[in-house]
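Peer 1: What follows is the residue order along each chain.
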Amino acid sequence: MLIGKVIGSVVATRKDEKLEGRKLLVVQVHNHKNEPTEQYVVAADSVQAGPGDLVLYATGSSARQTSMTENRPVDAVVMAIVDSWDLGGENVYEKWNPR
Amino acid sequence: MLIGKVIGSVVATRKDEKLEGRKLLVVQVHNHKNEPTEQYVVAADSVQAGPGDLVLYATGSSARQTSMTENRPVDAVVMAIVDSWDLGGENVYEKWNPR
Amino acid sequence: MLIGKVIGSVVATRKDEKLEGRKLLVVQVHNHKNEPTEQYVVAADSVQAGPGDLVLYATGSSARQTSMTENRPVDAVVMAIVDSWDLGGENVYEKWNPR
Amino acid sequence: MLIGKVIGSVVATRKDEKLEGRKLLVVQVHNHKNEPTEQYVVAADSVQAGPGDLVLYATGSSARQTSMTENRPVDAVVMAIVDSWDLGGENVYEKWNPR
Amino acid sequence: MLIGKVIGSVVATRKDEKLEGRKLLVVQVHNHKNEPTEQYVVAADSVQAGPGDLVLYATGSSARQTSMTENRPVDAVVMAIVDSWDLGGENVYEKWNPR
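Chains as they are written, first to last, in the working numbering: chain F, 241 to 339; chain Z, 241 to 339; chain W, 241 to 339; chain A, 241 to 339; chain X, 241 to 339.
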């Protein structure tokens, strides 16, 4: 998994029928210092994440292991909202005190 | 998933039999600012996308989760046509008013 | 899938038994302008491609969806020979008139 | 697999139910000279690794082949703690004498 | 698949039980000119490869298609030892006359 921030969403009317009702989030990938990178991914949402949330997303076949994504043509899923993140004993992120 | 624009197509007569009747689109990958990158992918089409359409594509085993691609040797599928795309509360793309 | 050119082959006598009789092609990956890149892949052949052929290859579990590769330890397969390739309405490759 | 060092952990309260009780480690990827790179991955823990441990992690569907991760939406798992590592006959890492 | 050279091995005592008895090789990835790159992978061994051998390795779920790796948490397997390698009609590697 990688950590990223929800920065937007995508709306698509014409899509594979298995995507009906699935929210598609734009997630900007963060590096290991919690800084935004130039990478992004569009991921299905399984935890009702919202704009600005720091999240974990999984890719590949693992992205289909939630009840929201099973057997669906999605290769990325937001499956957790990050509460806190520690590195080398230091807290680099705290949901209730974001930097 | 990533977002890209349909910029072309590939025709192949000699191919694995399971590819018969599958349209193969050339999709140029866009970055999170909706700018074209140097990356591309050739993806099977499951939504009748056409040239110039902004689309979402899925890769890997997830690309085989549509009725058009099930059990077939394709590792990328266009599974949605993007209508609109918002980033940080701003609309960066609107199908009926493309930039 | 990506497009590449068959530039060589690999011979291996000591190999997993499931690889017996499978031809292994060296494919140089081309970019979306049909120019060779520094990337390559070794792919099993499912369409009797030969040196100089422009081909499509699929990777990952999708590479095991041909009769030649089913259940075998190969992560890339050449599953089509490109006849023609159009970009933005322009023909960038024609098998019978290669550039 | 790649080798990395456990440099932190991530806590998430709101997450897919299948992630309950799974420890999520932040692993900094090392290169083949055992030097830290800029890459990281968040991986489920199947071997009770701790901060500072040099570990092996597997990605993709292979990350779901441990009893801790089976059928769960995780795409990376720490599945071994490195004791020693030899390159060209030279020992580059020894757990009990780390550099 | 990609081609690489076996440059070392990794020993791990504490590991997922399914890894018992599996030899883990450090493989330095070679480019299409048979030159070493900065990339490496740790791969399970299915062909009793040894230091200095030029090998083929497969990644992802395909790495679990050998009897040595089935259902195990490994995402890379050495599944062939390269005897010879031809590019554009030229021999770039011959096991019995390595460069």
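Hints were generated in silico from the structure; no laboratory data involved. Keep in mind that the hints are not guaranteed to be accurate.
If chains are identical, the list can't say which one is meant, so a pair holds when it fits in one copy or spans any two.
Unchecked claim - Derived DSS-like pairs (lysine-lysine); straight-line CA-CA distance at most 25 Å:
(1) LYS335 - LYS263
(2) LYS273 - LYS245
(3) LYS258 - LYS335
(4) LYS273 - LYS258
Peer 1: Tell me the hint numbers this structure goes against, listed in increasing order.
Peer 2: 4
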